[in-house]
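> Sequence order for the protein chains is A and B.
Going left to right, the first sequence walks through residues 1 to 566 as this note's numbering numbers them.
Going left to right, the second sequence walks through residues 1 to 178 as this note's numbering numbers them.
Quick caveat, the hints were computed from the structure, so don't treat them as lab data.
Predicted model, so just to flag it, every value in this text is computed and none were measured.
Glycine included, each C-beta is placed from N, C-alpha and C at the ideal position.
Be careful, since some hints might not be right.
To be verified - Pairwise CB distance ranges, derived in the manner of DEER restraints:
(1) 97/A to 139/B: 19 to 27 Å
(2) 258/A to 133/B: 33 to 41 Å
(3) 7/B to 97/A: 39 to 47 Å
(4) 139/B to 283/A: 42 to 50 Å
Said to hold, decoys possible - According to the in silico footprint, chain B covers these stretches of chain A (three or more CB under 8 Å from chain B):
(5) 8 to 14
(6) 35 to 43
(7) 150 to 159
(8) 280 to 289
(9) 403 to 416
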Amino acid sequence: MYLYDEIDQRLVDERVAQFRDQTRRFLAGELSEDDFRPLRLQNGLYIQRFAPMLRIAIPYGFLASRQLRALACIARKWDRGYGHFSTRQNIQFNWPKLEDVPDILAKLATVQMHAIQTSGNCIRNTTTDHFAGTAPDEIVDPLVWCEIIRQWSTFHPEFAYLPRKFKIAVSGSESDRAATRVHDIGLQATRDAAGKVGFRVLAGGGLGRTPLLGAVMREFMPWQHLLTYLEAILRVYNRYGRRDNKYRARIKILVKELTPDVFRAQVEDEWSHLQGSASTLTADEVQRVEQRFTRPGYRKSDALSPGYVLALSRDKAFSNWVRRNVQPHKVAGYAAVTLSLKKTGAPPGDATADQMDAIADLADRFSFSELRVSHEQNLILADVRQTDLFDLWQQARALGLATPNIGLITNIIACPGGDFCSLANAKSIPVAEALQRRFDDLDYLHDIGELDLNISGCMNSCGHHHIGHIGILGVDKQGAEYYQISIGGAQGNQAALGKVLGPSVSQAEVPDVIERLIELYLERRDSEEERFIDVVRRIGIEPFKEYVYGNHHQPAASPRRQLATA
Amino acid sequence: MATIISRRQVLADNWQLLKRAADGSIEIPSDGDVIVPLSTWLEQRDALVKRTGQLGVWLEGSDDPALLVADLEHFALIAVHFQQFTDGRGYSIARLLRARYGWQRELRAVGDVLRDQLFYLSSCGFNTFALRADQNVQAAMTAFEDFSEAYQGSVERPQPLFRRRSLIQHEDTQKAAI
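Isolated chain A (complex conformation) (with noise of 0.2 Å):
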């Protein structure tokens, strides 16, 4: 966890005293609605179906279990007892009131918290691998990358008004965890044949309604230029993006626009000037953000506690519960554990006040009072002895948490959809649920192996359904609600978009197009070890558009539901 020191501290105490003023000019009517929202956006406020939605920040995902308590005491007193885990790693009220909205920042201010660029054309939460400083492959820690980034990044004021929003994703291996190809700006720790420390700089990816993979800038950058490397791309950005229509003006289009070589010789151009300027990084400020974190104080242990192996052996649940939402440490005799909040009916990354209480309470016993949000919109306790997992996993298990579907079809991944959301065609979480009641049955559910499946309501993609392995996206078609299936998406060093599968359907045949296509691939499959989304790759996208689609522009229904209606 890195602490703020008085700087930081202050500097977020003017910004509530700021938007407090702010807010206060706005309900006297001093401040236009046309000239209050983009201040109200950069402090993370949308006006939403019903209420005002709060996105508040949790950097690089990153929480201490104070900080977790703080969220379940924000939505108990000012929203209904609950928050949403976004896929950025960010936390969502729905029902908070406008006029509450500074108190609750100064309440977040007391935790070293905030709501500062969730939302408006500015750059946003810079993301990283969940796993971060936990996973043995790291070349760098990316949350030292990501808070010098965020530090940079917050309040920047030449690109405070770009021409939309702007996303960086830091990965810290050379296996990506992050999604750094469909960011904005995607940075890959890496290093030189010297050995030195740097990045491969990516610039242009994006989903939403034009979804790109970014284009190499650098394969190489030394990580003292990483800063104004970054000022460069943004300041063409900010000059040269698109401002004529928000759904040409992400980064992306601009280089695909120009071509990335072109896109790159602008960078560059603009680098030669920034290049050894004031914001060139130094050792010193590296090492003072690493020492500013707090680390686990790890104690030694075996590789393998006999306890631990005994509790595998004998309790098939707990080893099905380790196998699916338990990863590998990098320290002997650790773990991380995912907890999941994709529970069958409860709407994917929600969790309630008591929850987050008690959720707060594992961190602080299990797991050095830290937790980390995933994309995925799971919660999880990245530092857990091993000699623990077996009563971590019944404390788990007793509170809902400890489905054991990461990696799995159930594990889905959903924006709020329709319910909440104003600019969703269609909604999402009903979806989610009639799909993770379908999918229930556990050896069925292990037999189909890992499946991202990912659901947006609608273009903005907030659901990542283009790098889900199967995709649902919400579309209006005359007024009613429809649903497009698309397959082979993936994320990671293999990212791929998904290919649509054909004419959308109806919410109600979502399940049986799903399990239609479940069906075909556990026919195709080589072996359990071919995951869905390599028979796609095998196979290609035809076989399952016929299997789904027959010659009809009908989805044909189940065979096996037909079996069991008749």
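Guided by the hints, dock chain B onto chain A, whose structure is given.
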């Protein structure tokens, strides 16, 4: 008389901002201080340098300040026009004029200029502000104090916070010791 904010004071403004008429024509008074559009400067520079009265030039967000690099000596003022306050191109223009092209005289924000953007505008190098007509100029003066620090370097304080942090903390300790 119109007012502007200059060096954190409210002053009467003697400059006249000239705009083209709908047919593209522009009338330039023979004396007095005028700010002309960039295109007018590029077309009529010989006539404009011979005028009495001070000369300024104004840029739109889409204009390239590099076009002025060789001409800077002719101007007492450069203005950047914000069609909408949400159009952030003017901030980059200001940074370029100050940090790259060496412009040290008056740099003015005009157009849709509001109280709540003054802090960032000032950080990027603007030093005078002609606020939108409906703004309360006196009340807007507090905007310059919205933040007491900034992570980034600014035109007035080129070193970013990380290069000053140890010094600031050193000063604080000294103050505490006194």
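> If you check the beta carbons of residue 7/B and residue 97/A, does the distance land in 39 to 47 Å?
holds, 41 Å
> Taking beta carbons only, do three or more residues of the region 403 to 416 of chain A come closer than 8 Å to chain B?
violated (count 0)
> Verify the coverage statement for the region 8 to 14 of chain A against chain B, using a C-beta to C-beta distance below 8 Å and requiring 3 or more qualifying residues.
Check passed, 3 qualifying residues.
> Count the residues of the region 35 to 43 of chain A whose CB lies closer than 8 Å to any CB of chain B, then report whether that count reaches three.
With 3 residues in contact (Cβ-Cβ under 8 Å with chain B), the coverage given for the region 35 to 43 of chain A holds.
> CB of residue 139/B to CB of residue 283/A, is that within 42 to 50 Å?
Distance hint for residue 139/B, residue 283/A holds at roughly 45 Å.
> Take the region 150 to 159 of chain A, compare each residue's beta carbon with every beta carbon of chain B, and decide whether three or more fall closer than 8 Å.
holds (count 8)
> Count the residues of the region 280 to 289 of chain A whose CB lies closer than 8 Å to any CB of chain B, then report whether that count reaches three.
The restraint on the region 280 to 289 of chain A holds, since 5 of its residues have a Cβ under 8 Å from chain B and three suffice.
> For the hint 33 to 41 Å, verify it against the beta carbon of residue 258/A and that of residue 133/B.
holds, 38 Å
> Starting from the hint 19 to 27 Å, judge whether the C-beta atoms of residue 97/A and residue 139/B obey it.
holds, 26 Å
Violated hint for the displayed structure: number 9, the only one.
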